[in-house]
Amino acid sequence: MKTNYHTHCSLCDGIADPEDVVLKAIKKGFDILGFSSHSPLEGEDWTLSPDGVEEYVRQVKTLKEKYRDKITLLVGMEMDFIPSEPVWADREWKGIRLDFVIGSVHNIQVEAENKLYSIDGPVEHVTHLIDDVYGGDPRRMVEAYYDSLALMASRETMDFIGHLDVVKKRNRVLGFLDESEPWYQTKVEQVLDVIVQKGHRIEINTGGISRGATDALYPSQPILEKCFEKGIPVVINSDSHDPEHLDGEFPLAVEAAKKAGYRQHWILDQTGWRSLPL
1 MKTNYHTHCS LCDGIADPED VVLKAIKKGF DILGFSSHSP LEGEDWTLSP DGVEEYVRQV
61 KTLKEKYRDK ITLLVGMEMD FIPSEPVWAD REWKGIRLDF VIGSVHNIQV EAENKLYSID
121 GPVEHVTHLI DDVYGGDPRR MVEAYYDSLA LMASRETMDF IGHLDVVKKR NRVLGFLDES
181 EPWYQTKVEQ VLDVIVQKGH RIEINTGGIS RGATDALYPS QPILEKCFEK GIPVVINSDS
241 HDPEHLDGEF PLAVEAAKKA GYRQHWILDQ TGWRSLPL
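The working numbering numbers the first residue of the sequence shown as 1 and each following residue consecutively.
Worth flagging that the hints you see were computed from the coordinates, not collected in a lab.
Watch out, some of these pointers could steer you wrong.
Simulated crosslink set (DSS-like; lysine-lysine; CA at most 27 Å straight-line) [as the list claims (entries may be wrong)]:
| # | residue 1 | residue 2 |
| --- | --- | --- |
| 1 | Lys94 | Lys27 |
| 2 | Lys2 | Lys94 |
| 3 | Lys94 | Lys198 |
| 4 | Lys27 | Lys64 |
| 5 | Lys27 | Lys2 |
| 6 | Lys70 | Lys94 |
| 7 | Lys27 | Lys66 |
| 8 | Lys61 | Lys28 |
| 9 | Lys70 | Lys28 |
| 10 | Lys226 | Lys187 |
| 11 | Lys198 | Lys259 |
| 12 | Lys2 | Lys28 |
| 13 | Lys61 | Lys115 |
| 14 | Lys187 | Lys2 |
| 15 | Lys258 | Lys226 |
| 16 | Lys64 | Lys115 |
| 17 | Lys28 | Lys66 |
| 18 | Lys259 | Lys187 |
| 19 | Lys259 | Lys226 |
| 20 | Lys94 | Lys24 |
| 21 | Lys187 | Lys258 |
Pair ranges (Cβ atoms, derived) [as the list claims (entries may be wrong)]:
| # | residue 1 | residue 2 | range |
| --- | --- | --- | --- |
| 22 | Pro277 | Gln109 | 33 to 43 Å |
| 23 | Asp17 | Arg274 | 28 to 38 Å |
| 24 | Lys258 | Asp17 | 28 to 38 Å |
| 25 | Lys115 | Pro277 | 44 to 54 Å |
| 26 | Arg139 | Asp193 | 36 to 46 Å |
| 27 | Val173 | Trp46 | 35 to 45 Å |
| 28 | Leu276 | Gly199 | 11 to 21 Å |
Please read all numbers here as calculations on a predicted model, not as lab measurements.
Here a beta-carbon is modelled for each residue, glycine too, at the ideal position from N, C-alpha and C.
Given the sequences, and given the hints that come with them, work out the whole structure.
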C-alpha cells in the first residue's frame with residue numbers, strides 16, 4: 001500500500017494546487033494521501049493564514065469526494081510548536097476537525113527580539129541564531145532545538161512527530177554539527193526517551209534529500225536505530241512540496257528502516273492507525 005501523510009500544497013509553501021497534487025498522487029499509484037499544510041503563524045507567509053484554514057479543509061474534502069473511487073484523501077495539519085502558545089486541541093484547529101496532526105519544530109523563539117527564527121529555513125536565520133543569539137556556540141542552538149522538541153513531545157497531542165533531526169538541515173552549508181559527538185547523541189537520546197514515555201510515533205522523512213538540502217534522511221541512521229531499540233513506531237513520508245517528490249526516495253526510507261531493524265511501518269486510513277509489513 002502506497003501512502004504519504006506529509007504533503008504541502010500552494011495553500012502554504014508547496015508549489016502546486018491541491019487538485020494537481022491529487023492527480024499526481026493518483027498517477028504515481030498512491031492508495032492514501034494526507035494533506036498537511038502548515039498551521040498559521042502570525043507574520044509568516046509560508047503557512048496557512050488564519051482565515052485560510054477553513055478554505056483549505058473545504059478544498060481537500062471536496063477533492064476527497066471527487067476522487068473517492070481512485071484514492072483515499074485525508075486532511076491534516078503540520079502544527080508548528082511554539083512554547084508560548086496554548087496547548088493544541090486534539091486533532092482540531094479552532095473548532096475545525098482534522099484527520100491527523102503532525103507535531104513539528106521549525107523555529108526557535110527569541111523572546112528578546114519577540115521573533116521566531118527558522119532552524120531549517122534561510123541560512124541567515126541559522127547564522128543569526130548561532131552567532132548573535134547563542135554567542136557563536138552552535139551546540140547551544142542545537143540543544144535549544146531539542147529542548148523545544150522534548151517539550152512538544154511531553155506537552156502536545158499528535159499523530160506523529162515530524163522530521164526529528166531537521167536541525168541538521170543547514171549543516172551541509174554551515175558545518176556547525178558533528179553528529180558523532182557524544183553530547184549530541186546524549187541529547188537526542190534524552191528526547192527519544194520522552195517520545196517513548198508519551199507513546200508517540202515518528203516519521204522517516206525523505207524531504208531533505210528530495211529537495212537537495214541534505215544527504216541523509218530525517219532521522220539519520222544512528223538515530224533511527226536508537227528509535228528501533230526503544231520501540232518507537234515509524235511512518236514513512238516524503239514531506240512533499242512538489243508533486244514530483246510525493247514518493248521521493250521511498251525505497252531509501254524502506255531500506256533504512258529495515259537496516260535499523262524495523263519490519264513494520266504505520267499507516268492511517270478511515271478506520272484509524274494500523275501497522276503493515278515493510
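Checked hints:
For the given pair, Lys94 sits about 34 Å from Lys27 by alpha-carbon distance, which is inconsistent with the 27 Å threshold. Proposed proximity of Lys2 and Lys94 is contradicted: the alpha carbons are some 31 Å apart, above 27 Å. Our distance criterion of 27 Å between C-alpha atoms is met by Lys94 and Lys198, whose separation comes to about 24 Å. For the hint pairing Lys27 with Lys64, the CA-to-CA distance comes to about 16 Å; that is within 27 Å, so the pair holds.
Pair hint Lys27 plus Lys2 holds up; C-alpha atoms about 12 Å apart against a cutoff of 27 Å. Among the hinted pairs, Lys70 with Lys94 is inconsistent with the structure: their alpha-carbon atoms are about 31 Å apart, more than 27 Å. Proposed proximity of Lys27 and Lys66 is supported: the alpha carbons are some 16 Å apart, at most 27 Å. Distance restraint check for Lys61 and Lys28: the Cα-Cα separation of roughly 21 Å lies within the 27 Å cut-off, and the hinted pair is therefore satisfied.
For the hint linking Lys70 to Lys28, the alpha-carbon distance of about 12 Å falls within 27 Å, and the restraint holds. Annotation: proposed proximity of Lys226 to Lys187 holds, straight-line Cα distance about 12 Å (limit 27 Å). Restraint check: the Cα-Cα separation between Lys198 and Lys259 comes to about 25 Å, which is no more than 27 Å; the hinted pair holds. For a cut-off of 27 Å, the pair hint linking Lys2 to Lys28 stands: about 9 Å separates their Cα positions.
The hinted pair formed by Lys61 and Lys115 fails the criterion: a straight-line CA distance of about 34 Å is larger than 27 Å. Only pairs whose Cα atoms come within 27 Å are accepted, and Lys187 paired with Lys2 is rejected, the gap being roughly 34 Å. Taken as a hint, the Lys258 and Lys226 pair is honoured in the structure, with Cα atoms around 13 Å apart against an allowance of 27 Å. For the proposed pair Lys64 and Lys115, the alpha carbon gap of about 37 Å is over 27 Å, so the pair is violated.
Distance hint between Lys28 and Lys66 is fulfilled; the C-alpha atoms sit about 18 Å from each other, no more than 27 Å. Proximity of Lys259 to Lys187 is assessed by CA-CA distance (about 23 Å); at most 27 Å being required, the pair is judged to hold. Our distance criterion of 27 Å between C-alpha atoms is met by Lys259 and Lys226, whose separation comes to about 12 Å. With a C-alpha separation of about 31 Å, the suggested pairing of Lys94 with Lys24 is violated against the 27 Å cut-off.
The suggested pairing of Lys187 with Lys258 holds, with an alpha-carbon distance near 24 Å, which does not exceed 27 Å. Evaluation of the 33 to 43 Å hint for Pro277 and Gln109 yields a pass: the beta carbon distance comes to about 41 Å. The hint said 28 to 38 Å for the Cβ distance between Asp17 and Arg274, and at roughly 31 Å that hint holds. In this structure the supplied range 28 to 38 Å holds for Lys258 paired with Asp17, their Cβ-Cβ distance being about 36 Å.
At roughly 46 Å, the beta-carbon separation of Lys115 and Pro277 lies within the given 44 to 54 Å, and the hint holds. With their beta carbons about 20 Å apart, Arg139 and Asp193 fall outside the hinted range of 36 to 46 Å. Roughly 19 Å separates the CB atoms of Val173 and Trp46, a value that falls outside the hinted 35 to 45 Å. In this structure the hint that Leu276 and Gly199 lie 11 to 21 Å apart at CB holds, the actual value being about 19 Å.
The structure fails to meet hints 1, 2, 6, 13, 14, 16, 20, 26 and 27 from the earlier list, while all remaining hints are met.
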